[in-house]
Structure formats: C-alpha cells, structure tokens
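**Q** If you want the building blocks of each chain, they are given just below.
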Amino acid sequence: MAAMLRRVSGSALLIVFLICWSFPALWGAVTSFKTERDVLDYPPMSPFHPTLYNYRHILAGPTSIVPNLESSAILTVSTTLITLALAIPAAYALGRLRVPAKRPLGFYVLATQMLPPIGLVIPYFLIFSGAGLLNSYSGLIVVYVSFSLPFAIWLLVSYFEEIPREMEEAALIDRATRLKAMWHVVLPQARGGISVTVVFVFLNAWNEFLFAVVLGGRTVRPVTVAMFDFISLEQTQWGRVSAAALIAMAPVMLLGLLAQKHIVKGLTLGAVKGSGRQ
Amino acid sequence: MPRTALSRSCAADGAAAALAPAAAPVPAPAIAPPRDEQRFALVLLLPSLFVLVLTTTVPIAYLLWSSVQRINPAMSFMNGFAGADNYIQMGDDPRFWNSLRLTLVYTGSTVVLQVVIGLALALAIMELRRGQWLARLVAILPIVLAPVVVGLYFRTLILTPTFGMFDYLMVTLGLGSHNWLGDPQLALASVIAIHTWQWTPFSFLVLLAALAALPQDIYEAARMDRASALRRFWHITLPLLRSVIILLVILRLTVALSAFAAIFAATGGGPGTATEILNLYAYRTSFNELQVGYGAALAVTLLAITLTTTAILFRLRRRI
Numbered sequence: 001m002a003a004m005l006r007r008v009s010g011s012a013l014l015i016v017f018l019i020c021w022s023f024p025a026l027w028g029a030v031t032s033f034k035t036e037r038d039v040l041d042y043p044p045m046s047p048f049h050p051t052l053y054n055y056r057h058i059l060a061g062p063t064s065i066v067p068n069l070e071s072s073a074i075l076t077v078s079t080t081l082i083t084l085a086l087a088i089p090a091a092y093a094l095g096r097l098r099v100p101a102k103r104p105l106g107f108y109v110l111a112t113q114m115l116p117p118i119g120l121v122i123p124y125f126l127i128f129s130g131a132g133l134l135n136s137y138s139g140l141i142v143v144y145v146s147f148s149l150p151f152a153i154w155l156l157v158s159y160f161e162e163i164p165r166e167m168e169e170a171a172l173i174d175r176a177t178r179l180k181a182m183w184h185v186v187l188p189q190a191r192g193g194i195s196v197t198v199v200f201v202f203l204n205a206w207n208e209f210l211f212a213v214v215l216g217g218r219t220v221r222p223v224t225v226a227m228f229d230f231i232s233l234e235q236t237q238w239g240r241v242s243a244a245a246l247i248a249m250a251p252v253m254l255l256g257l258l259a260q261k262h263i264v265k266g267l268t269l270g271a272v273k274g275s276g277r278q
Numbered sequence: 001m002p003r004t005a006l007s008r009s010c011a012a013d014g015a016a017a018a019l020a021p022a023a024a025p026v027p028a029p030a031i032a033p034p035r036d037e038q039r040f041a042l043v044l045l046l047p048s049l050f051v052l053v054l055t056t057t058v059p060i061a062y063l064l065w066s067s068v069q070r071i072n073p074a075m076s077f078m079n080g081f082a083g084a085d086n087y088i089q090m091g092d093d094p095r096f097w098n099s100l101r102l103t104l105v106y107t108g109s110t111v112v113l114q115v116v117i118g119l120a121l122a123l124a125i126m127e128l129r130r131g132q133w134l135a136r137l138v139a140i141l142p143i144v145l146a147p148v149v150v151g152l153y154f155r156t157l158i159l160t161p162t163f164g165m166f167d168y169l170m171v172t173l174g175l176g177s178h179n180w181l182g183d184p185q186l187a188l189a190s191v192i193a194i195h196t197w198q199w200t201p202f203s204f205l206v207l208l209a210a211l212a213a214l215p216q217d218i219y220e221a222a223r224m225d226r227a228s229a230l231r232r233f234w235h236i237t238l239p240l241l242r243s244v245i246i247l248l249v250i251l252r253l254t255v256a257l258s259a260f261a262a263i264f265a266a267t268g269g270g271p272g273t274a275t276e277i278l279n280l281y282a283y284r285t286s287f288n289e290l291q292v293g294y295g296a297a298l299a300v301t302l303l304a305i306t307l308t309t310t311a312i313l314f315r316l317r318r319r320i
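Residue numbers (my numbering), protein chains in the order written: chain U, 1 to 278; chain W, 1 to 320.
Hints were generated in silico from the structure; no laboratory data involved. Each residue gets a CB set at the ideal place from its N, CA and C atoms; glycine is no exception. A portion of the hints provided could be inaccurate.
Computed from the model, here is a short list of chain W residues facing chain U with C-beta under 8 Å [what the hints assert, rightly or not]: (1) Glu127; (2) Leu128; (3) Val138; (4) Ala146; (5) Leu257.
Build the full structure now, drawing on both the sequences and the hints.
**A** If you want it as structure tokens, here you go:
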C-alpha cells in the first residue's frame with residue numbers, strides 16, 4: 001500500500017516536473033507562430049491561426065538575425081578550434097605524464113576557471129579601447145578562449161586519466177616517440193572525451209553575453225545580444241522574440257540532446273560520471 | 001605504474017571518492033621521472049599556460065591596478081592615481097552595501113534551493129520504474145539555454161502581468177495578478193526563481209547520477225534492520241552524498257556569484273536597485289556611469305568573495 005502510494009505520488013511529481021521545465025519552451029514555440037494580435041488574446045490559451053510571419057521577419061528583412069547568427073558562428077567555431085588545439089596537449093600532459101609541480105599547476109588552471117567574468121570584462125574593456133580591439137572578432141575570440149581553455153583542460157584531463165596505460169607503454173617500448181604514442185595510441189581512444197569537450201566549449205561560447213555586449217559592437221554582435229532588438233520599453237514584439245529565441249537556441253538544444261549521456265560529466269568538470277541508472 | 005589522478009587530487013572526486021572514502025592516496029613514484037618525459041610534458045603544457053597567464057592573470061593584475069585609479073572615459077583629464085580612494089568610497093556607499101546584501105541573499109538562496117529541490121526530485125524520480133528517461137531528457141533543456149534568453153523569456157512570456165503564463169496561472173488560482181519584475185518587493189524573489197528554474201535540473205541530474213551509483217546492499221541491510229525511510233536517508237544516503245553535494249555547492253556558488261545575463265535581461269538590476277547584485281552594480285558603474293575605477297574596485301571585491309568562499313569549501317571538502 002505504502003509502496004503504491006509512493007509510486008503514484010512519484011508519477012504525479014514527474015508530471016509536475018515535466019510541465020514546469022518543458023512548458024516555457026513549448027509555450028514559446030507556440031507563441032512564435034502567432035501574429036502580434038493573437039498573442040494579446042486573453043485568456044492566453046485561446047485558439048489561433050498559425051503563421052510563419054514572425055520567422056519571415058527574423059530571417060529576412062531589416063530585423064533579420066541572420067548576420068547575428070553568423071557572428072555567433074564565427075566566434076564560437078574559432079573559439080572551439082583554438083581552445084581544443086591548446087587544451088588537448090595540455091590535458092594530455094596533466095593527465096598522463098609526470099609533470100613537475102602538477103598540483104599547483106592544476107590549481108592554477110582551476111582558479112582561472114572560477115574568475116567572475118565581471119572581473120575580466122573591465123580590464124579587457126580598458127585594454128581593448130586602447131588597442132582598438134573593440135568590436136573585433138580577434139579581440140572577442142581571445143576573451144572567449146580565456147574562459148573556455150581552463151574548462152576544456154579540466155574536462156579533458158578526466159578523460160585522459162581513464163585511458164589504460166598499457167598500450168601507450170607498449171608503444172614506448174617499441175621505441176615509438178612520445179609524440180607518436182600520444183598521436184596514434186592515446187588520442188584515438190580519447191575521441192569520445194574530445195567530442196564532449198567540443199560540445200561544452202561550443203555551448204558556453206554560443207551562450208555568452210556579458211563580454212559580447214561590452215566588447216562587441218555593430219559588426220561583432222552575436223545572437224544573444226541581438227535578442228534585445230525585439231524588446232523596448234514601449235513595446236515587446238512577442239512573436240518575434242519567441243521565434244528569435246527558438247532559432248538562436250536551436251543549435252545548443254540540438255547539441256544538448258546529442259551529448260545527453262555525457263552532460264553530467266561535462267557539467268561537473270569530469271567529477272561525477274554516469275547518466276543515471278544504466 | 002599508478003599515479004595520482006589530477007582531477008581527483010585537486011578538484012573533484014565526486015561519486016567515485018564518495019564511495020571509497022577510505023582509499024589511501026597513491027604514493028608518489030620513488031624514481032624520478034625520465035628527463036624526456038618531463039621535457040615533453042613541458043612542451044605540451046607551455047602554450048596553454050602562456051595563453052592562460054596572458055588572458056586571465058594579466059587582465060586580473062590590470063583590474064587590481066585599475067581599482068586604485070580614477071578612470072572616466074568621458075572625463076579623461078581627471079584620470080589618475082587614486083590610492084585607496086575607491087575602496088574608502090565603498091565604505092560609505094549605501095548602494096554598495098545594498099548590492100553586497102543582495103549578492104549574499106541571491107547566492108545563498110539560489111544555491112540552497114537548487115540543491116534541496118534537486119535532491120528531493122532526484123530521490124522521488126529514482127523510485128520510478130518508468131519515465132525516468134523523460135525527466136532526464138527534459139532536465140537538459142534549461143541547462144543548455146543561454147541565461148540571457150531565459151531572462152528575456154521570463155520577462156516577456158512568463159511574468160508579464162495579464163499576458164504571462166505564470167501570471168495567468170496565479171490569476172486562475174485566485175492569487176491575483178502582480179508586477180513580478182516591476183514591484184521592488186517581488187523583483188528579487190522573481191530573479192531568484194528564474195535562476196532556480198534554470199539550474200535546479202543541473203543539481204537534479206548530478207544527484208540522480210550519484211544516487212544511482214550508491215551501493216544497494218547497504219540499503220538491503222538497513223531494511224533488514226527495519227530502519228525507516230527517513231533514517232535510511234539521514235544515516236546512509238546523505239553521508240554518502242556529502243562529497244557530491246559539496247562539489248555541487250562549489251560549482252553552483254561560483255555560477256551564482258557571477259550571475260549576470262539573466263538578471264540583466266529580466267530587470268537590468270532594477271526596479272531602482274532592487275535586484276542590483278554586486279555584478280550588476282559593477283557593470284552599471286563601469287559602463288553606464290563610466291566610473292571605471294570604482295567599478296574595478298567593486299569587481300575586485302566580488303573576486304575576493306568568490307576566491308575566499310571557494311577556498312573555504314575546497315578545504316572543507318578535503319577534510320571529509
């Protein structure tokens with residue numbers, strides 16, 4: 001009896017859970033197909049004629065967010081490539097080799113990961129305005145690498161540590177150089193961890209806002225900043241802001257689904273494994 | 001030869017260490033590592049270290065320097081060395097004390113809410129035979145969304161009086177329509193709720209994974225001894241989860257302390273200064289009021305708070 005009661009209340013809770021965390025997104029999706037007049041219908045659940053009007057406006061015409069999507073893509077892809085190119089060797093060294101002062105180095109990387117962004121955006125603003133780097137891709141990419149790199153190193157270290165050592169040692173006994181052992185033996189086995197890291201670096205860079213709004217400008221203007229175009233004190237363009245949010249968040253939602261099994265490990269920097277009950 | 005795993009020795013032993021708290025640390029290798037291994041490691045590490053120093057440590061040093069300067073891009077003829085002036089100014093700035101109080105309330109309440117609700121949900125949904133996967137799937141959605149988008153969403157579609165879904169729900173339940181983000185009495189609670197909405201699924205997923213990894217035989221034994229569910233939770237589950245919970249608190253604390261975009265999008269720190277946490281105050285001071293030197297001093301304060309609390313928590317974690 002008690003067990004059944006527990007299961008029923010558990011299911012009820014599950015339903016509340018699902019509504020609470022999926023409804024806002026579903027509601028936004030519905031709103032994105034409404035005209036501005038239909039949005040204002042009260043009560044909010046009234047029937048309406050779906051239209052692609054909002055999507056036409058945000059993908060073409062003067063309020064198009066396509067240039068902003070391009071900005072986001074340039075920033076995110078460059079950041080991901082540079083970060084991974086730097087982080088993979090560093091994580092390999094920290095995770096698999098005997099490095100002098102390994103612990104202090106690890107703590108240093110971890111500490112740089114914990115810095116509050118406001119503490120970085122102020123000096124970057126001063127440095128960039130002096131150097132003429134405001135509103136430039138190169139400037140913003142440097143900043144994005146600064147917060148992606150410590151994260152990527154930490155996450156990759158946890159994957160590199162998991163790979164068994166025997167094969168690499170066998171390769172070394174066969175007189176392969178260390179570089180070859182790393183390249184041909186270890187890296188192929190770390191492919192999974194590397195792709196998870198790519199997902200998270202991409203996600204954080206795509207979603208970034210503070211640095212972009214302060215250090216970006218008219219040309220370097222990712223989609224997170226462009227969201228505000230549809231909102232002003234006088235008027236909110238409900239349908240358009242919903243459609244824009246949906247399009248802007250589509251890439252990260254897709255990545256989240258793809259990386260579903262690895263998300264816990266990624267979120268805890270590799271500290272907690274697993275995806276629930278196997 | 002086994003070597004100390006770095007990710008475990010420094011940050012984060014999560015579930016694995018929670019289950020094996022008695023495992024002794026692996027002794028350091030007695031033989032010195034071969035010279036070529038060290039050289040190879042340094043070659044691999046140096047580019048990253050160079051970039052990290054250049055892109056994080058140098059800017060932080062510049063921030064410290066800026067915090068003892070008068071910097072106003074609009075009146076650059078006034079710029080110059082200010083000594084401790086900016087820090088002294090903070091002492092009798094009521095807006096600073098307000099932002100400090102809001103930061104503590106915001107951080108404390110969001111972290112506690114996320115962990116407590118996340119744990120309750122994880123415990124309840126663990127019991128379910130079916131539908132767990134659905135909860136895990138839905139939980140990913142808020143986590144991957146950009147905080148700025150979440151803030152805008154709540155400001156428009158969820159919390160707007162009369163049109164927002166949540167407001168409509170409150171009216172339907174007979175609790176009346178409120179200006180959730182515009183009323184100084186409610187705005188702080190609203191931004192706390194937004195942060196909690198977005199990040200509770202994170203705690204939920206992590207705790208669910210940790211719960212699933214707990215050894216079942218202890219529970220069997222406890223059931224044999226007729227220990228009640230509450231006692232089992234208090235004496236078995238909670239102690240086993242302690243390490244994961246502290247890890248979660250560390251992770252959530254650093255994120256809450258640097259929260260910016262969602263509040264910026266939802267209220268911009270207002271109405272007035274009702275939701276102006278230290279982050280927002282430093283931003284407004286530097287980039288709206290152009291008092292960059294004073295803004296830098298505020299940011300240094302936040303930096304000091306973040307580093308102190310995480311250092312304390314790490315110490316706490318190691319002692320367990």
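**Q** For each hint, tell me whether it holds in the structure or not.
**A** Verification of the hints:
no., hint, verdict
1, Glu127, "holds, 5 Å"
2, Leu128, "holds, 5 Å"
3, Val138, "holds, 5 Å"
4, Ala146, "holds, 4 Å"
5, Leu257, "holds, 6 Å"
In the structure shown, no violation is registered for any of the earlier numbered hints.
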